[in-house]
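From first to last, the protein sequence lines are chains F and S. One point on numbering: in my numbering, the residue at position 51 of the first sequence is 51, and numbering is uninterrupted. So the mapping is simple: my numbering equals the position in the second sequence, first residue as 1, plus 248.
For the record, the hints were derived by calculation from the structure and aren't laboratory data. Backbone N, C-alpha and C define an ideal beta-carbon position, used for all residues, glycine too. Just so you know, not all the hints are guaranteed correct.
Over 10 Å on every C-beta distance to chain S, these chain F residues come out as not near it, computed from the model [said to hold, decoys possible]: (1) E20; (2) K23; (3) A24; (4) V43; (5) D83; (6) E111; (7) P151; (8) G157.
On the chain F side, residues computed to face chain S include the following (Cβ under 8 Å) [claimed, not checked]: (9) E36; (10) Q162; (11) A198; (12) T199; (13) V224.
Here is what each chain is made of, one letter per residue.
2 protein chains.
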Amino acid sequence: MAPADVARELHDMPANRRAEVAKALDDDKLADALEELPEEEQVSLISALDTERAADVLEEMDPDDAADLIRDLPEDVAEQLLDRMEPDEASDVRMLLNYAEFSAGGMMTPEPIILAADATVANALALARAEEVTPALASMVFVCRPPLDTPSGRYIGAAHLQRLLREPPSTLVSTMLDTNLEPLSPQSPLAEVSRYFATYNLVVAPVVDDQQHLVGAVTVDDLVDHMLPDDWRGDQMDELAPEQVNNG
Amino acid sequence: MAPADVARELHDMPANRRAEVAKALDDDKLADALEELPEEEQVSLISALDTERAADVLEEMDPDDAADLIRDLPEDVAEQLLDRMEPDEASDVRMLLNYAEFSAGGMMTPEPIILAADATVANALALARAEEVTPALASMVFVCRPPLDTPSGRYIGAAHLQRLLREPPSTLVSTMLDTNLEPLSPQSPLAEVSRYFATYNLVVAPVVDDQQHLVGAVTVDDLVDHMLPDDWRGDQMDELAPEQVNNG
Numbered sequence: 001m002a003p004a005d006v007a008r009e010l011h012d013m014p015a016n017r018r019a020e021v022a023k024a025l026d027d028d029k030l031a032d033a034l035e036e037l038p039e040e041e042q043v044s045l046i047s048a049l050d051t052e053r054a055a056d057v058l059e060e061m062d063p064d065d066a067a068d069l070i071r072d073l074p075e076d077v078a079e080q081l082l083d084r085m086e087p088d089e090a091s092d093v094r095m096l097l098n099y100a101e102f103s104a105g106g107m108m109t110p111e112p113i114i115l116a117a118d119a120t121v122a123n124a125l126a127l128a129r130a131e132e133v134t135p136a137l138a139s140m141v142f143v144c145r146p147p148l149d150t151p152s153g154r155y156i157g158a159a160h161l162q163r164l165l166r167e168p169p170s171t172l173v174s175t176m177l178d179t180n181l182e183p184l185s186p187q188s189p190l191a192e193v194s195r196y197f198a199t200y201n202l203v204v205a206p207v208v209d210d211q212q213h214l215v216g217a218v219t220v221d222d223l224v225d226h227m228l229p230d231d232w233r234g235d236q237m238d239e240l241a242p243e244q245v246n247n248g
Numbered sequence: 249m250a251p252a253d254v255a256r257e258l259h260d261m262p263a264n265r266r267a268e269v270a271k272a273l274d275d276d277k278l279a280d281a282l283e284e285l286p287e288e289e290q291v292s293l294i295s296a297l298d299t300e301r302a303a304d305v306l307e308e309m310d311p312d313d314a315a316d317l318i319r320d321l322p323e324d325v326a327e328q329l330l331d332r333m334e335p336d337e338a339s340d341v342r343m344l345l346n347y348a349e350f351s352a353g354g355m356m357t358p359e360p361i362i363l364a365a366d367a368t369v370a371n372a373l374a375l376a377r378a379e380e381v382t383p384a385l386a387s388m389v390f391v392c393r394p395p396l397d398t399p400s401g402r403y404i405g406a407a408h409l410q411r412l413l414r415e416p417p418s419t420l421v422s423t424m425l426d427t428n429l430e431p432l433s434p435q436s437p438l439a440e441v442s443r444y445f446a447t448y449n450l451v452v453a454p455v456v457d458d459q460q461h462l463v464g465a466v467t468v469d470d471l472v473d474h475m476l477p478d479d480w481r482g483d484q485m486d487e488l489a490p491e492q493v494n495n496g
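Looking at chain F on its own, in the form it has when it is part of the complex (with noise of 0.2 Å):
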């Protein structure tokens, strides 16, 4: 069953019926669940699990939908649960609650794919059709000084995947950097982050700080995301004439 169905039968569920359901599901089946429910509805589903169980399935979540989720919780809980989770992904969640939600940086996720200067179309390839990046992600990579992560990893440029297609394996990526692509600072605000994307028709952005650090990148499903209200998943939408929706 997809994630996003999942979330729609536990949506569908009586509150303590839903409960015990998320309890039998596996940490990362009911992290890709977690992830497709309105907020007030993950809150109430990770406050029923013990603290154990919820930070292993904060750890199983996307960082930026888990940064989400743990801005609605009060205050002592979210600093409980940071501290059982797994350091690194802690750090993850940590430094995306830096940013307001609104902004490039609260809906970015600090795991694209990123590559070394010296890294060839092959080694690109290989990265980008792993089963875990999802294809939004999968279609752009970035090139950085290393360390090779985010956010310390200095910003060199960005190649499409579609362009690497049309190369031998052994060319460097960095010899195909789209040199049009301006990054995203993440302090851009919403607004600024949408018109960035319909401007360049992208599908993924690259987020980079004023030190030219690249914190991470901004998928567009994130950003569709963010556009939508909070409760899209229900009927409300559907009531709305499409020159309020478009013009809210």
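The hints should help you fit chain S onto chain F, whose structure is shown.
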């Protein structure tokens, strides 16, 4: 200069100067820039050209953008332009004009990547890497029974480019279809289309009519265009708080 930047230059010019520059641009350069301008400026620019030239420029535009522009012209002018366009291009645009602007049919492109049931991964990659295909359209290929054209091919299914990259070149695409993916209907309203993209984290989605014909594909950049206010290239959205943009 990127189309978005040409559009920005045109946008910042006085109207009479703008018409002069438009006349001096190549058909395809002007078409690309038009796609990035607010609709009222598109209308005034197209109206400043003679019918022959205007028809040539419309032919170079993405059919969905051309349809959106034609919708805003007086009916007799629209009919004249459609008559002067190449029959193939005109019929794509006429088909799109049958659907409401804020529906899947009105937003879709009629030219996604379409393959026959016996196509291989190598066939699919050869089409996906073509320079004129956008990164979003390249991220998914559609399998149809012949004819392999919208709106008459019978839809069989869709496969993710990223998935294809995991298989040997001789594998049949039809063995790698995403069975979880329900197609959109051309009548699906904007609210439903946005929920669909947010739920499935998609970049492009098939649009199939009730006779199982693939009529086109909606890409997420077209969706973002339609979710934004019409004058999103102006500064209006900067004035809005994130909550207003988000809850519109």
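Against chain S, is V224 of chain F within 8 Å by beta-carbon distance?
holds, 5 Å
Is the claim that V43 of chain F lies outside the interface with chain S correct, judged by CB distances over 10 Å?
It holds; V43 of chain F is separated from chain S by about 18 Å at its closest Cβ, greater than 10 Å.
Is the Cβ of D83 of chain F farther than 10 Å from every Cβ of chain S?
holds, 29 Å
Are all C-beta atoms of chain S more than 10 Å from that of A24 of chain F?
At roughly 22 Å from the nearest Cβ of chain S, A24 of chain F sits farther out than 10 Å, so the non-interface label holds.
For E111 of chain F, is the shortest CB-to-CB distance to chain S above 10 Å, so the non-interface label stands?
Per Cβ check, E111 of chain F is outside 10 Å of chain S; nearest 15 Å; holds.
If I take the minimum Cβ distance from K23 of chain F to any residue of chain S, is it greater than 10 Å?
Given that every Cβ of chain S is farther than 10 Å from that of K23 of chain F, nearest at about 24 Å, it holds.
Would the hint on T199 of chain F be counted as holding, given a Cβ-Cβ threshold of 8 Å to chain S?
holds, 4 Å
Just double-check E20 of chain F for me: nearest Cβ-Cβ distance to chain S has to come out over 10 Å.
holds, 24 Å
Are E36 of chain F and chain S close enough, Cβ to Cβ, to be under 8 Å, as the hint says?
holds, 6 Å
Double-check A198 of chain F for me: the hint is only fine if its C-beta lies closer than 8 Å to a C-beta in chain S.
holds, 5 Å
Assertion that P151 of chain F lies farther than 10 Å from chain S (Cβ):
Check passes; 22 Å lies beyond 10 Å.
Please check whether Q162 of chain F passes as an interface residue: C-beta within 8 Å of a C-beta belonging to chain S.
Interface hint status for Q162 of chain F: holds (5 Å vs cutoff 8 Å).
No hint from the list above goes unmet by this structure.
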